[in-house]
Every structure is written in structure tokens, then in C-alpha cells.
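When you get a sec, could you build the whole thing from the sequences and use the hints?
Those protein sequence lines, which keep their order, are chains W and Y.
The opening residue of the first sequence carries number 16 in the numbering used here; numbering runs sequentially from there.
The opening residue of the second sequence carries number 16 in the numbering used here; numbering runs sequentially from there.
Hints in this document: simulated from the structure, not taken from any laboratory.
Hints may contain errors.
Given that identical chains are not distinguished, each listed pair holds provided it fits within a single copy or across any two copies.
Heads up, simulated DSS-like pairs for lysine-lysine below, C-alpha to C-alpha not over 27 Å straight-line [said to hold, decoys possible]:
#1 K17 with K137
#2 K20 with K424
#3 K286 with K252
#4 K453 with K187
#5 K20 with K137
#6 K187 with K286
#7 K237 with K102
#8 K125 with K102
Protein chains: 2
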Amino acid sequence: MKPIKVGLLGLGTVGGGTLTVLRRNQQEITRRAGREIQVTMAAVRDLKKAQKHNGAGLALTADPFEVVDNPDIDIVVELIGGLSPAKELVMKAIENGKHVVTANKHLVAKHGNEIFAAAQAKGVMVAFEAAVAGGIPIIKAIREGLTANRIDWVAGIINGTTNFILSEMREKGSGFDTVLAEAQRLGYAEADPTFDVEGIDAAHKLTILSAIAFGIPVQFDKAYTEGITRLTGEDVKYAEQLGYRIKLLGITRRRPNGIELRVHPTLIPEKRLIANVNGAMNAVLVMGDAVGPTLYYGAGAGAEPTASAVVADLVDVTRLATADPHHRVPHLAFQPDALHADLPILPMDEVETAYYLRMRVADETGVLADITRILADADISIDALMQREPEEGEASTDLILLTHETLEKQMNSAMARIEGLASVQGKVTRIRLETLGK
Amino acid sequence: MKPIKVGLLGLGTVGGGTLTVLRRNQQEITRRAGREIQVTMAAVRDLKKAQKHNGAGLALTADPFEVVDNPDIDIVVELIGGLSPAKELVMKAIENGKHVVTANKHLVAKHGNEIFAAAQAKGVMVAFEAAVAGGIPIIKAIREGLTANRIDWVAGIINGTTNFILSEMREKGSGFDTVLAEAQRLGYAEADPTFDVEGIDAAHKLTILSAIAFGIPVQFDKAYTEGITRLTGEDVKYAEQLGYRIKLLGITRRRPNGIELRVHPTLIPEKRLIANVNGAMNAVLVMGDAVGPTLYYGAGAGAEPTASAVVADLVDVTRLATADPHHRVPHLAFQPDALHADLPILPMDEVETAYYLRMRVADETGVLADITRILADADISIDALMQREPEEGEASTDLILLTHETLEKQMNSAMARIEGLASVQGKVTRIRLETLGK
Numbered sequence: 016m017k018p019i020k021v022g023l024l025g026l027g028t029v030g031g032g033t034l035t036v037l038r039r040n041q042q043e044i045t046r047r048a049g050r051e052i053q054v055t056m057a058a059v060r061d062l063k064k065a066q067k068h069n070g071a072g073l074a075l076t077a078d079p080f081e082v083v084d085n086p087d088i089d090i091v092v093e094l095i096g097g098l099s100p101a102k103e104l105v106m107k108a109i110e111n112g113k114h115v116v117t118a119n120k121h122l123v124a125k126h127g128n129e130i131f132a133a134a135q136a137k138g139v140m141v142a143f144e145a146a147v148a149g150g151i152p153i154i155k156a157i158r159e160g161l162t163a164n165r166i167d168w169v170a171g172i173i174n175g176t177t178n179f180i181l182s183e184m185r186e187k188g189s190g191f192d193t194v195l196a197e198a199q200r201l202g203y204a205e206a207d208p209t210f211d212v213e214g215i216d217a218a219h220k221l222t223i224l225s226a227i228a229f230g231i232p233v234q235f236d237k238a239y240t241e242g243i244t245r246l247t248g249e250d251v252k253y254a255e256q257l258g259y260r261i262k263l264l265g266i267t268r269r270r271p272n273g274i275e276l277r278v279h280p281t282l283i284p285e286k287r288l289i290a291n292v293n294g295a296m297n298a299v300l301v302m303g304d305a306v307g308p309t310l311y312y313g314a315g316a317g318a319e320p321t322a323s324a325v326v327a328d329l330v331d332v333t334r335l336a337t338a339d340p341h342h343r344v345p346h347l348a349f350q351p352d353a354l355h356a357d358l359p360i361l362p363m364d365e366v367e368t369a370y371y372l373r374m375r376v377a378d379e380t381g382v383l384a385d386i387t388r389i390l391a392d393a394d395i396s397i398d399a400l401m402q403r404e405p406e407e408g409e410a411s412t413d414l415i416l417l418t419h420e421t422l423e424k425q426m427n428s429a430m431a432r433i434e435g436l437a438s439v440q441g442k443v444t445r446i447r448l449e450t451l452g453k
Numbered sequence: 016m017k018p019i020k021v022g023l024l025g026l027g028t029v030g031g032g033t034l035t036v037l038r039r040n041q042q043e044i045t046r047r048a049g050r051e052i053q054v055t056m057a058a059v060r061d062l063k064k065a066q067k068h069n070g071a072g073l074a075l076t077a078d079p080f081e082v083v084d085n086p087d088i089d090i091v092v093e094l095i096g097g098l099s100p101a102k103e104l105v106m107k108a109i110e111n112g113k114h115v116v117t118a119n120k121h122l123v124a125k126h127g128n129e130i131f132a133a134a135q136a137k138g139v140m141v142a143f144e145a146a147v148a149g150g151i152p153i154i155k156a157i158r159e160g161l162t163a164n165r166i167d168w169v170a171g172i173i174n175g176t177t178n179f180i181l182s183e184m185r186e187k188g189s190g191f192d193t194v195l196a197e198a199q200r201l202g203y204a205e206a207d208p209t210f211d212v213e214g215i216d217a218a219h220k221l222t223i224l225s226a227i228a229f230g231i232p233v234q235f236d237k238a239y240t241e242g243i244t245r246l247t248g249e250d251v252k253y254a255e256q257l258g259y260r261i262k263l264l265g266i267t268r269r270r271p272n273g274i275e276l277r278v279h280p281t282l283i284p285e286k287r288l289i290a291n292v293n294g295a296m297n298a299v300l301v302m303g304d305a306v307g308p309t310l311y312y313g314a315g316a317g318a319e320p321t322a323s324a325v326v327a328d329l330v331d332v333t334r335l336a337t338a339d340p341h342h343r344v345p346h347l348a349f350q351p352d353a354l355h356a357d358l359p360i361l362p363m364d365e366v367e368t369a370y371y372l373r374m375r376v377a378d379e380t381g382v383l384a385d386i387t388r389i390l391a392d393a394d395i396s397i398d399a400l401m402q403r404e405p406e407e408g409e410a411s412t413d414l415i416l417l418t419h420e421t422l423e424k425q426m427n428s429a430m431a432r433i434e435g436l437a438s439v440q441g442k443v444t445r446i447r448l449e450t451l452g453k
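Structure representation (C-alpha cells):
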């Protein structure tokens, strides 16, 4: 059978990795796919720099539209990232009847609905395994491996940079800023780390996981996003003393009245496997009603791990290219006419979770009674409490509380009342807590 | 589109679970598959007992051949286990042009080559996700999710019973026999636990993982199998003191001269995620050259977790039933004409691994010199050594050694020489050790 022809948009880290993996494992990959996968064209920003990737049969161009308009290309791989011109290129490739593979989480989280509708209408596939958790085949696991299940929730460490920072904060006892600088020096964090440390990158990925888990359209704009920039070394230490680890978690959960979709620092019991995922590694925990908890762990970024997912998509598309479009795996796991477009994403006020609260309180009688009274009035029950003796000569001390599950809006008003107490200094620090049990 | 019709062979634990899951999640599953999956017939051993599963449109029969010969059935699900009549039924179903889903690891490990060849010739699918690691979609992950990779090795906790026993031995400090009795009382172990505790069940599953990882035929008869029955509480304790956990691991590794295929108790560094998989849970760690390590964790047995895999296979088969047979995922991950039939499975003598050695030595000068000399002569280097002070009044003590990687046959002859020393009492206890790094 004649080779399937691939055009790459972008030859940076992931594009270069894709080329390397395809070339190195060509024989192995062909033995699996039953057909050779050939990269015949690549669009690059800098033609001179890209010469190192040159090889027999690879044409380089500076114009990405030349790739998507090339009639010889069967599959376009979009690896330039960002929204524009990535979206225009993907839409044009679809219009030209080409299958698309993309690693672009931002694009899928933001414009996935429109892109998938166009692909569906045209009878082509858009594959995006590399968009979530790098080399971990998590899209495939949820979309095809767990089809028997009503999925209850998904919780993931889906940003390697922040997991690296949090692991270092815990291990070295350093604060956020110190560790971020170190991570930037080592190349684990970008010069402008906003997308990572503010949780935006994780929210893109979570949006995609939520859609395929529950059969809803991608709705990135409704995701709640809170980063790790305000976490202190103290909170990491207190959490550990209480038997927890702090991770930046993306959590999406089915509730009777809608879907929770939120990224924020989270305390997790240290006995959970996912609490022990350290460094830049990713892991996704999925709770299905039949299978129970399953966990998927691996490298979430990097040239070859991401290329691993891109190439797996290329093999999938190659296998299914000749199949009846109606029997391919639907883009968002559920048939397009069976998506729950009306299932609302819950606003953060309506989310239910447990909490870690830290506050600075005066060392005087009655403080604890006042605080616990406020919580009891709001129907919030306390799971654990830790109060340190004040340091020599200090008139105040840290009080740490763990609560059971409650509605976020209940917690907000309780926190406002606590902050109003004369014996409580400054703001209450609140970190959400998930037990990740049933 | 009209429903796809399924016939079940067996309505025991997994069969009953499959029916329950299909009924409970029917709507969700149809939204994914795009076509209703209906169980219309089931063969059972006891018609009376099976009445509890009765429902509209389900015909029960005591003769399984009635199911495989029923022209209305599209997919036969084999859940009776064992080799006969399971094999005859599966072969007949294939001959009749039906797709097959099976959870039968024994059957696939033993007769997979013949079954897949028949299915290939007939243009039907035989799906077996449930045969390995229950609800974890590990077949799909390796066969489809990691197609970009040259896989270096796979190491798995793929038998829940033995992992439960080992977890309990460690937690409670009890011996094998005590914990086995407890596991039998709780229903985690069978009355005759041989298949589990001798590693045979794990070897069946490992044989399948090895075939799909390396593109070789299933070769169960060449697997090395050693169970956990001789493990003592002491070894579990010493391993822990050295920073290791003991797990029954199935390991298959590519070497320049062939493939390692072995099941045995194994020391693993406690910092590895897989070392922290406890209770009856399963986990499989896969090392690919592009993606690096990825791990898959979940329930490896039980009615609904296994049904989760059976139903996922049903959805896959439903989606691909109308596809060109040449573009389906090949049974053993590689195209049938691209299997490496000539790649040998290495005999245990040729396996390379590290070791934990425990021996009872006389408390006298020169013992350590004799032992370390024997190891040095055999080119075996020592990684760690632990010798306890003899108990009050005792003239001998335990000596524990950890070695670096060496050939098993080297170790065998070194052990024989050590056992020949007058100062060493009885046999040397040997447990293999894997660092599970690169």
C-alpha cells in the first residue's frame, strides 16, 4: 500500500521530536500501521535553522498555507500553537479534505466545537491526543478505554511546570518565587510563566478532558482558574504535617445540577498514588462507575513524549483513513448528535469541596469558640484542627482547619465573617481539599 | 441504525457484571457507540440460577453452541474461562463469521496465535482487553496509544490476589500462610489458589503484554514462572529496611539477543510509583523509547471492573464492525505478516537482573571475605550489604546483600559456591531486584 503523506506545520521542539521519532522508529511504526507514514513537507519559521532536519523527500517552506493547500498531503500536523494562524490553517486543511493532528490545547479548548463540526461535515478526523498530558494516552483511555462507564469525575496533574515547582517547594522548603527562578534556569518554566503558573494551560487541558468524559461541548470560558503564585512554603509544610500534599489539580465532576470545571491548588491525602507524582510528571485519575478509579501517569511535555502522542494519532488516522466516517471514534467521545449541550458548567459558588483554612489569630480566650461557631452556623463541619503555640514573645499564632465538603458560597460567607473578627488578623488563606475517594 | 446483537457465554461474575453495566449505562454507551448494543442470548450452566438476570429480549440456553451458531448474533462474548470448551466455542464463532470478545487470558496466552490467524483469515475481530489487568485499558494503551515507540520493557503488578497478600504481609508483618488464609476468608483468594500464588495467572497476562509490546507470537510455554509461596515475613521486612518493596512482578524486556519473559517476586525501590500500588489493585509500567515511562493503574479483577473492559471491547467492535478488515488494529499490535516469529524468548539463565540475597552465616572472622570473594570472582558487584549483630547467645546471623545486574547463570553458580562454604548454613534465599529506571 502506498505511504500516507504528512505535512508538518512547525518544526520546533515538538515538530523536531516528531520527525526524529518517525525516522528512528520508522520500521517499527510501519509494522504496526501496515502502511508507511512519510513526512513530505514542513512549514518552518526560519528556513535556515530548519536545515538540520532536512532529509530525503522533505520539502521545507516558510508558508504554512502551502502545506495545507498541497494536494499530495493526506494529514496535516499542526504544531505551531496559539490561536492564529493555527485556527485558519486547521480550518483550511479540513476544507481541503485533509485529516488533522494537533497538539494545540489552547486551540481545541477554545475553538474545538467549531473545528469538530467542520471536520464532521467534511468526513475527516481531527486527532488531539498530544493536547492533553503529552505522552500519556489519556484521550484514548477515556474516549475508547472507558466507554462502558458513566464517568463521575476526573482529576489531573496536567501541568508539568507547576508540579515541578510544587515538588521543589515541598522538598527544599523554599517559597514560590525562589523555586520559579530555579525552574526558569533549568528550562522547566518559560521566561513568561503566566500560562503555566496561573493555571491557564491546565484549564485548557481540563476543558478537553471534561468534554470527552461527560459528552459536553468544550467550554473553556466557563472554567474556574486559580494558579499557584500565592502558595507559601508554610502552607506546603502545614499540609504535609496533616498528611496531605498540595498539587495544582484540574478537577471536573458531574453533579446532579451540572458539571464542575476548576483548576486550583488542592490538598490531596498523601496515601493516594496521585499525591506521589513528583517533578515534571503528569497523572490523571478517572473515576468510572463500573471500573472504579484508574490512573494514567507519564511525561506531560517535552519533545519526544509529545511526539509519541502525535505519532500515535498519525497511526490511528492512517488506520482509519479508509473507514466509514460514521464508525470512527467521535471527536468528543460521544456522537455529535448525542452531546449534552444543555448541561451547565457550574459557577464556582455552586462547587462542593472540602477546605484547608489558615488564619493568624490572637492568642486569647474565646477565639476558637468564635471561629467554630461561625462555621457551625454555616453548616460547615470541621475535620481536623491544628493550632501552634505562639512563638516566644508573639501574641498571635497560626490556626489551621480542615473542613468537610461544603458549597463554595457557604465557605465564602463564613470566611468573610471570620475575617471580621477582631481576634483574626488579615485574610484567611483558603486552599481546597479533595479526598479523591469514591 | 439497527442494534448490534451480542451473545454471552457464561453469566457468572463477569458475565453478570457485563449485563449489569450494559443495562445500567445503556443510554451513555449508545451515545458513545452510535448504535445500541443488545445482549439477546446467554448460555449458562444453571438455567434456574440464571433467572435473576432475565429481562426483556434475553434468551437463556444451557448449550453454548446454540449461541455461537445463532445467525442473529453479531458478537460472541466468551466468559466461561479455561481452555475447553472455550477454545472450541471461540473457533466455531469465528468460523461462523462472528466477532469475539473474551476475558480469557489462559486461552489467549495458550492458543492466541491459532485463534488470531483464524480470525484474520475470516475477517473478524477477537478483542481481549479484559484478559489483562481487568478494567485498566492496558491493551489499548500499548497497542494503540504507544505505537510511536520502540518499547524497551513492560513490568506489571497483574495479579490482584498476590498483591493483596504481599501488601498484608508488609502491613501486618505476617507470614504467607496466615495472610493467604485471611485472603481466602475475604474472597480475595480462591479455595485452590495455585494459579494466583504460583504466578501462573500473571504469566498468562504477561505473555499477552509481551506479544503486543514487541510484535512476537504468544509463547506462554517459554515464560519463567515463580510464585510467592516461599516468601517470608523476614524478607519483606529486610527489603523495607533497605528502601524496597517486594511485589510479584511480570517483567518482559527486549535484549539484543532476545526477549525476557518472567514472573517472580521482585524488590522495587519504594520511591517508584508502582512500589506503592497496594491491596488488590493492578498497575503496569511501560518503558517506551520516545515517551519514557508511563504507568496504568486500576482494579485488575472483579465483576464490574472486568465488565468495563468487556464492554469497551464491545463498543470498539461495534464501531469497527463495518470497517475494512485491513485497517483495524492488528490483534497483536503489529501486522500479522510483520510479527517477529524468530525473536527468541531467553531462557532464565540468560536473563540479566539485580539480586537480593539472604543467607544465614556463622558469626566468625573471614565469612564476609569468603562470600565477597566468590561474588567478585563471578564479576558480580555488590550494591548494598546489611549484617545484623547476632542475637544474644546465637552463633549465627542474617547477612543480606544487594547486587548490581548480572546474568542469572552467573548468580546460580556463585550461589552454589556460597552454599558450599562451611560458614554458610543452609540455602541462600534469592529474590530478584529491578530498579525500573531507564
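Hint-by-hint comparison with the structure:
no.: 1; hint: K17 with K137; verdict: both (23 Å within a copy, 24 Å between copies)
no.: 2; hint: K20 with K424; verdict: neither (54 Å within a copy, 49 Å between copies)
no.: 3; hint: K286 with K252; verdict: both (16 Å within a copy, 20 Å between copies)
no.: 4; hint: K453 with K187; verdict: between (33 Å within a copy, 25 Å between copies)
no.: 5; hint: K20 with K137; verdict: within (19 Å within a copy, 30 Å between copies)
no.: 6; hint: K187 with K286; verdict: both (21 Å within a copy, 17 Å between copies)
no.: 7; hint: K237 with K102; verdict: within (21 Å within a copy, 53 Å between copies)
no.: 8; hint: K125 with K102; verdict: within (10 Å within a copy, 50 Å between copies)
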